[in-house]
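Colleague: So you can see what is in the structure, the chains are spelled out below.
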Amino acid sequence: GQQLNQSPQSMFIQEGEDVSMNCTSSSIFNTWLWYKQDPGEGPVLLIALYKAGELTSNGRLTAQFGITRKDSFLNISASIPSDVGIYFCAGQLVETSGSRLTFGEGTQLTVNP
Amino acid sequence: DTAVSQTPKYLVTQMGNDKSIKCEQNLGHDTMYWYKQDSKKFLKIMFSYNNKELIINETVPNRFSPKSPDKAHLNLHINSLELGDSAVYFCASSHFFGGRRLFFGEGSRLTVL
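Chains A and B, in that order, give the protein sequences. Using our numbering, you'd call the opening residue of the first sequence number 183 and step up by one each time. Using our numbering, you'd call the opening residue of the second sequence number 17 and step up by one each time.
No lab work stands behind these hints, which were simulated from the structure alone. Keep in mind that this is a model prediction, so the values were computed, not measured. Cβ coordinates follow ideal geometry from the N, Cα and C atoms, glycine included. Worth double-checking, as some hints may not be accurate.
[Said to hold, decoys possible] Distance condition first, Cα-Cα at most 30 Å in a straight line; then the derived DSS-like pairs of lysine-lysine:
(1) K252(A) - K87(B)
(2) K87(B) - K38(B)
(3) K60(B) - K233(A)
(4) K38(B) - K252(A)
(5) K83(B) - K57(B)
(6) K25(B) - K68(B)
(7) K57(B) - K35(B)
(8) K87(B) - K57(B)
(9) K38(B) - K25(B)
(10) K233(A) - K57(B)
(11) K252(A) - K83(B)
(12) K38(B) - K57(B)
(13) K35(B) - K60(B)
(14) K57(B) - K252(A)
(15) K56(B) - K35(B)
[Said to hold, decoys possible] If you want the footprint, here are the derived chain A segments under chain B, 3+ residues with CB under 8 Å:
(16) 262-276
(17) 282-291
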């Protein structure tokens, strides 16, 4: 099956710092998504990317869909304590037979005030 | 107004027992899913139903049996529980099969002793 490698696995940063995480795949996707999971909750969609090369922002978050369609990155600027959580990338390949999301392994973010 | 609700949130049981987790969505979505999140936080799809019809059935032991009485409900029954079944189980829904945005429930933490 498709594999997604997400890095780093964990990050410990100071409040105010910028954060960058990325996801790479052995196969191409036609959609990349980034989810955040707060402690004790289910994942929530942050950003969706639909086109190779697309750069999309959502407040302090910026994500890009790699040109090769095999990678994506997520940046968080000026981190704050509530950014703490697990960030998951997910890739989707839509085919005539259907589609499914493949999730990365997650990046655990800790922000020290 | 919880969009995707799961019960119970916590479940502690002995090996060999049978247990069920229930899920309901009030979003009017056609597709529902069960994901398993292990201790390493990896999210793995187990099942997907579209309009009560099983669409995805990953390599999951047949001790796990999903049931969808209607498109707003997807329950998960687990027979003969084993220690390795301990995990957080997430229910999710999307507008249609192949929909990019998944709405997750809060998760059901299952602990098998």
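Colleague: So, for every hint listed, does it hold in this structure?
Modeller: Each hint, compared with the structure:
{"no.": "1", "hint": "K252(A) - K87(B)", "in the structure": "violated, 34 Å"}
{"no.": "2", "hint": "K87(B) - K38(B)", "in the structure": "holds, 13 Å"}
{"no.": "3", "hint": "K60(B) - K233(A)", "in the structure": "holds, 25 Å"}
{"no.": "4", "hint": "K38(B) - K252(A)", "in the structure": "violated, 36 Å"}
{"no.": "5", "hint": "K83(B) - K57(B)", "in the structure": "holds, 25 Å"}
{"no.": "6", "hint": "K25(B) - K68(B)", "in the structure": "holds, 24 Å"}
{"no.": "7", "hint": "K57(B) - K35(B)", "in the structure": "holds, 22 Å"}
{"no.": "8", "hint": "K87(B) - K57(B)", "in the structure": "holds, 28 Å"}
{"no.": "9", "hint": "K38(B) - K25(B)", "in the structure": "holds, 10 Å"}
{"no.": "10", "hint": "K233(A) - K57(B)", "in the structure": "holds, 28 Å"}
{"no.": "11", "hint": "K252(A) - K83(B)", "in the structure": "violated, 35 Å"}
{"no.": "12", "hint": "K38(B) - K57(B)", "in the structure": "holds, 21 Å"}
{"no.": "13", "hint": "K35(B) - K60(B)", "in the structure": "holds, 20 Å"}
{"no.": "14", "hint": "K57(B) - K252(A)", "in the structure": "holds, 22 Å"}
{"no.": "15", "hint": "K56(B) - K35(B)", "in the structure": "holds, 23 Å"}
{"no.": "16", "hint": "262-276", "in the structure": "holds (count 4)"}
{"no.": "17", "hint": "282-291", "in the structure": "holds (count 6)"}
In terms of the numbered hints stated before, the structure departs from hints 1, 4, 11, listed from lowest to highest.
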